[in-house]
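Chemist: Build out the structure end to end from the sequences listed, making use of the hints.
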Amino acid sequence: MCPKTWALGCGTAILGADVEHECSAEQLDAEGEVAVARLVADSGDLPHALRHLADAIAYDPRLPDVHEALAEIIARAGGAEQLLQVLDEVEGQDFIGTIALRAHASAVAGQWDGAVATLFAVAGHEPSRSWLDVAWLRRPDLPDHVSPKAMAIAVGRLAQGLADPVPDDEREPLLPAWELLSASVARHGDHAMLLWCASLLARRLGEHDEAIAWAEKSYEIEPSHEAVVVKGYALRSAGRNDEAIALWEAEIERTPEDLGLCLDVAELLGSTNRPAEALKWTQHVLDREPDHPKAGAVALGLRYDLDEDVTRLIALADQVREQPGSFAEHVLAKLSNHRPWLGLVPEPEEAVINLLRQVLGKQDWQPDSLSTVTLSAVEPPSALLALRTAFPRPLSPSSRCLSLTSGSRPARRRMSCGDTTAPSRIPRCRHRPKRSRMRSGARPLFIGCRRSTPTTAR
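Residues in the sequence shown are numbered consecutively from 1, following the numbering used here.
There's no promise every hint is true.
Capping the alpha-carbon separation at 27 Å, the derived lysine-lysine pairs in DSS-like fashion look like this [what the hints assert, rightly or not]:
id : residue 1 : residue 2
1  : 294       : 217
2  : 280       : 294
3  : 294       : 334
4  : 334       : 280
Derived Cβ-Cβ restraints for the label pairs, each shown as a range [stated by the list, open to error]:
id : residue 1 : residue 2 : range
5  : 91        : 24        : 20 to 28 Å
6  : 45        : 79        : 12 to 20 Å
7  : 287       : 239       : 26 to 34 Å
8  : 242       : 347       : 26 to 34 Å
9  : 242       : 94        : 20 to 28 Å
10 : 254       : 323       : 30 to 38 Å
11 : 322       : 238       : 35 to 43 Å
12 : 221       : 323       : 38 to 46 Å
13 : 81        : 333       : 18 to 26 Å
Hints listed in this document are in silico derivations from the structure and should not be mistaken for laboratory results.
Glycine is no exception: its CB is placed at the ideal position from the N, C-alpha and C atoms.
Modeler: Structure (structure tokens):
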């Protein structure tokens, strides 16, 4: 372990953090990128330096050297606001490291609404990493500087990117957001939107009492549809299903246009072994909107619960085939779970299948890539058929022949199919070292395409 307690100059209390940092391969990679960033910054090419610093923070969000180097580059740029303009020139605006740098630079510039919203968006994209472990997010006066509406939007977006609920062992990286949210609610307890958005995060973190209370208070301040829906979710998560159903049914009478809430009632009834009642709600949605993207799949699932007619599953599978990614996929997966050959297909482990996987994994495989395979035991016909399909018997006697014979030595010792080594690593761009193999940078993050206010999570 390498404890590093640090603070910066240049608005430095904003960026600093006291951390006990574990020396790891990611930390070493991040330190290397920081060193390159500093060298490039010395040459005056700040956009290039920021690209390397973005790689560094993506490797290790908590590395103190990253924040120290950012403070140095801010000084070179003439201030945080000027650095934000330089960030606009950096290649890969959707890269998660670049967006994290923008959040920290916004904090130094005192643009607190944008800083919190941007960093929360990053954390929602990769909630298992310590993006939020920064000193400026723990400032006691931060709730006074972030508007309650901006906090509500930031928290709502963060919550929608999380599992419901977040597993216990994955909640620690999100605690800074929870602490800031709790302080914001204490400061702005009369802001209705902040309260129901706060309920979304509280529910996912297992804080059921707060989730219910905040939604109730939001409704008392402003009787909104969102507050009722969110309170129902909080009651459902707390195991108070009957209360949630009664609340939602009353709200449907008040706002019948929300067909999604009708399906929420149907799914909750179905999960409590009341499929017949649930089917009535689903049919109500289909009567209003026959082509509803979810109702048809939910109805098939409920009918299967009632009669266990396998044709319901076949119809769901047809929907999945016709519309990949549709809600039918979720329903079919739920019904198939724990059912042999529906929820789980055993991994094939036969020798010829292992060999087939290796050969087909080669970039330059051909139907004549195999000549002779010797087996020490009889293989299942299905495994041999799979191998024959990829490598059929030749029509000409002069062609190379695939022969399956029984022998005394294991097939793994007789494999000779040419070079089966992995292809060479893709050459790295000299301007962005190692980026192609970064875990955190593999998925792009777009934060500008969301709605200005979070929608109610379904």
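Chemist: All the hints need checking, so say for each whether the structure fits it.
Modeler: Hints versus structure:
1. 294 to 217: 32 Å, violated
2. 280 to 294: The hint holds at about 15 Å.
3. 294 to 334: Holds. Residue 294 to residue 334 sits at ~14 Å (cutoff 27 Å).
4. 334 to 280: The hint holds at about 20 Å.
5. 91 to 24: 20 to 28 Å: 27 Å, holds
6. 45 to 79: 12 to 20 Å: Holds, at about 18 Å.
7. 287 to 239: 26 to 34 Å: 31 Å Cβ-Cβ, so the 26 to 34 Å window holds.
8. 242 to 347: 26 to 34 Å: Given about 42 Å between the Cβ atoms, the range is violated.
9. 242 to 94: 20 to 28 Å: 45 Å, violated
10. 254 to 323: 30 to 38 Å: 33 Å, holds
11. 322 to 238: 35 to 43 Å: Once the Cβ atoms are compared, 38 Å apart, the range 35 to 43 Å for residue 238 and residue 322 holds.
12. 221 to 323: 38 to 46 Å: Distance hint for residue 221, residue 323 holds at roughly 41 Å.
13. 81 to 333: 18 to 26 Å: 49 Å, violated
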